[in-house]
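Student: Sequence:
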Amino acid sequence: MDSAEDIFDSSLNLEETHYQEGYKEGYNHGITTGKEEARQVGLKTGFETGEELGFYKGCVDVWSCAIQIEPTRFSTRVQKGIKQMQELIQKYPVMDPENESVQEIIEALRLKFRVIRAALGVKLEYDGCPKPKEIEF
Numbered sequence: 001m002d003s004a005e006d007i008f009d010s011s012l013n014l015e016e017t018h019y020q021e022g023y024k025e026g027y028n029h030g031i032t033t034g035k036e037e038a039r040q041v042g043l044k045t046g047f048e049t050g051e052e053l054g055f056y057k058g059c060v061d062v063w064s065c066a067i068q069i070e071p072t073r074f075s076t077r078v079q080k081g082i083k084q085m086q087e088l089i090q091k092y093p094v095m096d097p098e099n100e101s102v103q104e105i106i107e108a109l110r111l112k113f114r115v116i117r118a119a120l121g122v123k124l125e126y127d128g129c130p131k132p133k134e135i136e137f
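In UniProt numbering, the protein residues as written are 1 to 137.
Everything labelled a hint here was simulated from the structure, so no lab data went into it.
You may find that some hints are simply not true.
Subject to a maximum C-alpha distance of 30 Å in a straight line, what follows is the list of computed DSS-like cross-link-like pairs (lysine-lysine) [said to hold, decoys possible]: (1) Lys80 with Lys91; (2) Lys35 with Lys80; (3) Lys57 with Lys44; (4) Lys91 with Lys123; (5) Lys57 with Lys123; (6) Lys44 with Lys91; (7) Lys44 with Lys123; (8) Lys123 with Lys83; (9) Lys57 with Lys91; (10) Lys80 with Lys57; (11) Lys83 with Lys57; (12) Lys24 with Lys35.
FRET-style restraints, in silico, Cβ to Cβ [to be verified]: (13) Ser101 with Arg73: 30 to 40 Å; (14) Asn13 with Leu43: 23 to 33 Å; (15) Gly54 with Tyr27: 32 to 42 Å; (16) Lys24 with Glu48: 29 to 39 Å; (17) Thr17 with Gly54: 50 to 60 Å; (18) His18 with Val41: 50 to 60 Å; (19) Leu43 with Arg73: 19 to 29 Å.
Quick reminder that beta carbons are idealized off the backbone N, C-alpha and C, glycines included.
Using the sequences and the hints given, assemble the complete structure.
Tutor: Written out as structure tokens, the structure reads:
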């Protein structure tokens, strides 16, 4: 009687066996593809952040040069805002993206940029990397 039960046990456990095998395969596949997808997302996010920081750094550099050439060109309030932006850019933890101050600093930079832009009366905006134009048919 035991040998008959043993023959049918493998058939009865077939679904569970396939489930476990499928789970292990899916888990291993998820680990390998998940790492690659995470890497790609990290590269994209890092690039976008660097691009935005570079834009603000470029603006600060141009404005700082203009101040050096003609110090009375900008009000003291605007000059102070530019200096604060420069300090925020330097303070940004580029090599530590998990730092909790990252979001605070980037928001402060965006705010300072809007204030300076409004004070100067320029229509300068950061729109990110230019998108390819849509193909029209």
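Student: Any of the earlier hints contradicted here, and which numbers?
Tutor: Hints 2, 14, 18 and 19 contradicted; others consistent.
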